[in-house]
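Student: Listed here are the chains, written in short residue letters.
There are 2 protein chains.
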Amino acid sequence: MDASLEEKPDLLVDILNAIELEDFVDIAEKLDQEHQSDIATLLQSIPQKSRLDIWTDILPDRKGLVLVEMNEDAAKALLEETSADDLIIGLSELDADEQAYLLSITPDETVPQVLTSMDQQQRALLEQSLSYPEDQAGRIMDTDFLTVRPQVTADAVLRFLRRHDEIPEHTDLIMVVDVRYKLIGVLPIRTLLVAQPSTIVFDIMDDEYAVVSDIDALDDVAKLIEGHDLISVPVINEENKLVGRITVDDIVDHIKESADKKLMSLAGLDEDDDLFEPVRPSVLSRLPWLAINLCSALISATVISQFSPTLEQIVALAILMPVVASMGGIAGSQTMTLAIRGIALGHLQNSNAKLLINKELAVGMANGLMWSIIIGIISYLWFNQIKLGIVIAAAIFINMTIAGLAGSIIPLMLNRFNIDPALAAPMFLTTVTDVIGFLTFLGLATAFLLT
Amino acid sequence: MDASLEEKPDLLVDILNAIELEDFVDIAEKLDQEHQSDIATLLQSIPQKSRLDIWTDILPDRKGLVLVEMNEDAAKALLEETSADDLIIGLSELDADEQAYLLSITPDETVPQVLTSMDQQQRALLEQSLSYPEDQAGRIMDTDFLTVRPQVTADAVLRFLRRHDEIPEHTDLIMVVDVRYKLIGVLPIRTLLVAQPSTIVFDIMDDEYAVVSDIDALDDVAKLIEGHDLISVPVINEENKLVGRITVDDIVDHIKESADKKLMSLAGLDEDDDLFEPVRPSVLSRLPWLAINLCSALISATVISQFSPTLEQIVALAILMPVVASMGGIAGSQTMTLAIRGIALGHLQNSNAKLLINKELAVGMANGLMWSIIIGIISYLWFNQIKLGIVIAAAIFINMTIAGLAGSIIPLMLNRFNIDPALAAPMFLTTVTDVIGFLTFLGLATAFLLT
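So the sequence lines, in the order shown, correspond to chains A and B.
Quick note: the first sequence, position 118, residue 117 per numbering that gives the first Met the number 0, numbers continuous.
Quick note: the second sequence, position 307, residue 306 per numbering that gives the first Met the number 0, numbers continuous.
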């Protein structure tokens with residue numbers, strides 16, 4: 000049995016030992032018995048430098064299969080060390096959409112040589128794939144699928160199939176087309192298999208079936224395939240002609256990548272960042288987010304500095320002000336995460352945005368009320384000043400209420416301007432909750448606590 | 000064509016209008032033409048109260064299909080308003096694993112009546128499914144699949160299939176078993192379709208194929224199906240007997256739910272939380288995280304309070320201290336996100352943990368050095384005190400270095416103790432970076448700036 004789920008932790012340990020001893024003789028042989036996705040995982044579990052040592056010993060016909068399973072940054076680094084000859088062999092094992100992806104991250108000097116090696120049909124398929132933007136259905140569609148005419152019999156279809164050496168992977172349906180290649184139905188294999196031999200395809204084909212257009216957004220195709228539990232869906236162009244199909248395995252990858260992107264974006268990271276990237280690119284990739292945070296923190300500092308005279312008189316304010324800011328920050332980020340998820344799942348749109356904002360305003364006020372009482376009492380007990388307790392309670396209430404509003408409005412606004420909310424919302428939100436927190440707390444203190 | 004990707008925003012607008020006018024006559028009829036996943040999405044896009052108004056008009060045989068597509072909290076609320084009779088009809092459209100899930104969230108008083116309505120075989124399947132923990136393969140496996148013996152011919156298999164009214168959905172392979180129901184191979188449909196009629200199954204079956212055990216972790220099954228681009232994988236028990244199969248559609252749902260869970264956990268939310276949950280449960284579900292944050296913030300406040308005399312003398316410290324804490328917080332959360340993702344993807348394990356910690360220590364120091372210079376200069380220019388610039392630079396360097404360590408070590412430690420890092424790491428990390436930030440900045444200031 001090829002792939003059972005017995006743990007293979009030993010292989011990673013072996014490789015780590017080999018790296019330490021700089022002895023790679025056995026490793027390549029062992030890797031050769033692994034599935035390409037496992038090789039990709041192993042390579043991504045070791046430092047980039049060591050990957051290159053192993054990479055040279057991996058057989059060229061597997062290199063393409065391994066590369067498409069890796070993070071973009073990790074794949075890029077290995078492509079720089081892959082000869083054009085190896086790459087040509089590696090690409091020959093891939094679909095047009097995977098070839099297009101790898102060539103898009105291949106060093107410029109290698110690409111012409113690779114393109115020259117391809118035959119005309121291959122190049123045409125590749126160019127067709129590259130003609131679509133990355134987030135459209137056409138970019139990842141397969142062009143190998145089976146078609147039949149509606150007037151033939153089930154038996155004729157079976158005989159037609161038997162003339163093939165191989166049927167395309169993930170084929171769960173045969174496309175039924177007319178003479179102009181217009182899609183008029185689909186014949187599921189499971190229908191074909193139970194059909195009487197003399198039945199006409201037209202009589203057993205599905206004429207109610209899912210279909211997408213080549214320019215549909217991949218996110219929408221993913222929702223369709225996921226919601227309808229499909230294996231494959233035909234793709235038509237604007238003239239209603241059949242041009243390809245999208246299969247669930249590509250959609251699984253898309254769903255994983257989208258989720259990954261959202262997670263990384265929320266921390267200001269790029270989804271192509273690699274766990275064992277060298278230090279210098281790591282520092283550079285984290286720079287923008289830290290720079291934005293510095294701006295946000297300096298805005299907060301400026302707000303605080305306006306209240307220097309108050310802080311000089313009442314040092315308790317300096318002690319408590321992080322509490323006000325952080326409670327608003329957490330409350331806001333909870334609302335924001337809910338909104339970002341709602342947008343991604345299609346539950347939150349412009350038409351029902353007001354409903355969410357109203358609800359989050361109510362939740363923010365309820366939370367604000369509850370926590371302002373708790374924190375007000377704690378502060379009173381700590382500093383034994385009733386007025387300080389009231390001031391911090393008021394500031395907490397105001398900040399948590401505004402956090403609920405900002406946490407719902409900021410992602411919605413960004414989405415309306417077609418900016419990915421996961422990428423930009425966290426910093427906007429932090430700035431709002433920090434500034435409002437410091438401003439209300441120190442402002443109220445200046446108004447009511449100074450003697 | 001049933002499902003094309005033309006936008007249907009009008010339906011949500013129609014429903015929102017109907018809710019406002021409390022007029023639901025047309026809505027049920029319109030919904031009836033939609034796919035169950037679209038109905039689930041629409042219901043989750045409106046407030047919970049309004050869902051109940053629409054729910055009564057949805058046909059009982061679709062209720063089960065819709066419920067399994069919804070968030071757990073949202074489904075629970077609707078199940079409370081679903082009669083046992085409707086639920087019995089709804090469940091009859093579902094697989095055993097889906098029935099098990101819905102019954103696990105059905106109100107206790109309804110369950111006995113539903114169970115009584117089932118025949119013995121149905122109940123046995125349901126009990127088998129419920130006997131596995133939620134995160135094991137057995138819980139979501141299908142028990143309807145096709146089996147053949149190895150010694151029959153391809154033609155005999157085709158004739159055997161033709162005797163079925165229907166072939167189970169997502170059937171891409173036929174299991175080849177011996178007399179004891181031990182799995183000895185799989186016959187892909189795509190092989191069967193091109194085989195010569197007289198060929199023996201044994202000669203064309205795959206004997207190198209993916210297989211999982213019924214007690215394997217679902218996460219591992221998902222990685223296998225995703226990495227190997229499978230449609231289905233056979234499930235065997237500890238006696239090597241075939242007990243079921245897992246299909247890619249269930250894995251797609253699992254992958255989406257896992258990603259969703261990670262996103263929500265990072266904000267201290269439950270993945271079953273519902274966008275339009277009423278205010279009271281929303282407040283309760285967000286309480287633990289806010290309470291933990293309050294503890295963390297009070298620890299920080301206690302640290303700050305130790306330096307009251309220093310703060311009284313130098314108010315600039317109160318102004319700048321959020322900068323030190325927040326730079327460490329962001330640097331730490333970037334490392335933490337990378338580590339959490341690495342653990343989830345299988346790139347980060349105990350054996351290579353040290354490599355990551357070393358790298359993140361180096362990145363933290365490099366980042367710390369760069370940002371300490373920038374922030375030191377800004378602070379010097381702002382307050383015109385060279386010593387203040389040096390003190391904040393040193394504090395930033397120390398805090399960002401420790402943030403790199405904590406950001407990698409905390410998720411790794413939690414994972415080793417089998418605690419989900421996404422759930423617990425953020426708060427631990429915030430506490431560390433806040434405390435270290437305030438402690439080093441105010442501590443160094445007390446040592447070097449007081450006159």
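If you are wondering where the hints come from, they were derived from the structure by calculation, not from laboratory data.
No experiment lies behind these values; they were computed from the predicted model shown.
One thing to keep in mind: the hints can contain errors.
To be verified - Pairs of lysine-lysine residues, derived as DSS-like cross-links and limited to a Cα-Cα distance of at most 25 Å, are as follows:
{"no.": "1", "chain 1": "A", "residue 1": "Lys48", "chain 2": "A", "residue 2": "Lys29"}
{"no.": "2", "chain 1": "A", "residue 1": "Lys260", "chain 2": "A", "residue 2": "Lys240"}
{"no.": "3", "chain 1": "B", "residue 1": "Lys255", "chain 2": "A", "residue 2": "Lys255"}
{"no.": "4", "chain 1": "A", "residue 1": "Lys255", "chain 2": "A", "residue 2": "Lys222"}
{"no.": "5", "chain 1": "B", "residue 1": "Lys75", "chain 2": "A", "residue 2": "Lys260"}
{"no.": "6", "chain 1": "B", "residue 1": "Lys353", "chain 2": "A", "residue 2": "Lys222"}
{"no.": "7", "chain 1": "A", "residue 1": "Lys29", "chain 2": "B", "residue 2": "Lys353"}
{"no.": "8", "chain 1": "A", "residue 1": "Lys260", "chain 2": "B", "residue 2": "Lys255"}
{"no.": "9", "chain 1": "A", "residue 1": "Lys222", "chain 2": "B", "residue 2": "Lys222"}
{"no.": "10", "chain 1": "B", "residue 1": "Lys222", "chain 2": "A", "residue 2": "Lys260"}
To be verified - Heads up, incomplete: computed chain A residues facing chain B, CB under 10 Å, no partners named:
{"no.": "11", "residue": "Ser36"}
{"no.": "12", "residue": "Leu160"}
{"no.": "13", "residue": "Pro187"}
{"no.": "14", "residue": "Leu191"}
{"no.": "15", "residue": "Ala194"}
{"no.": "16", "residue": "Leu310"}
{"no.": "17", "residue": "Ser332"}
{"no.": "18", "residue": "Ile373"}
{"no.": "19", "residue": "Ile385"}
{"no.": "20", "residue": "Ala446"}
Glycine residues also receive a C-beta, built at the ideal position from the N, C-alpha and C atoms.
Student: Please go over all the hints and tell whether each is borne out by the structure.
Tutor: Status of the hints after comparison with the structure:
1. Lys48(A) with Lys29(A): holds (20 Å)
2. Lys260(A) with Lys240(A): The given pair, whose Cα atoms are some 33 Å apart, is violated under the 25 Å limit.
3. Lys255(B) with Lys255(A): With a Cα-Cα distance of about 8 Å, the restraint between Lys255(B) and Lys255(A) holds, given a limit of 25 Å.
4. Lys255(A) with Lys222(A): Holds, at about 13 Å.
5. Lys75(B) with Lys260(A): violated (30 Å)
6. Lys353(B) with Lys222(A): violated (39 Å)
7. Lys29(A) with Lys353(B): Holds: Lys29(A) and Lys353(B) sit about 24 Å apart, inside 25 Å.
8. Lys260(A) with Lys255(B): holds (13 Å)
9. Lys222(A) with Lys222(B): Judged against 25 Å, a Cα distance of about 20 Å means the pair holds.
10. Lys222(B) with Lys260(A): holds (18 Å)
11. Ser36: holds (3 Å)
12. Leu160: Holds: closest Cβ of chain B sits about 5 Å from Leu160(A), inside 10 Å.
13. Pro187: Holds: closest Cβ of chain B sits about 9 Å from Pro187(A), inside 10 Å.
14. Leu191: holds (9 Å)
15. Ala194: Holds, about 8 Å.
16. Leu310: holds (5 Å)
17. Ser332: Holds, because the Cβ-Cβ distance from Ser332(A) to chain B comes to roughly 5 Å (cut-off 10 Å).
18. Ile373: The hint holds - Ile373(A) has a Cβ within 10 Å of chain B, the shortest such distance being about 7 Å.
19. Ile385: At about 19 Å, which exceeds the 10 Å cut-off, the nearest Cβ of chain B leaves the hint on Ile385(A) violated.
20. Ala446: This hint is violated: Ala446(A) lies away from chain B, its Cβ roughly 19 Å from the closest one there, beyond 10 Å.
Hints 2, 5, 6, 19, 20 from the earlier list are contradicted by this structure; the remaining hints agree with it.
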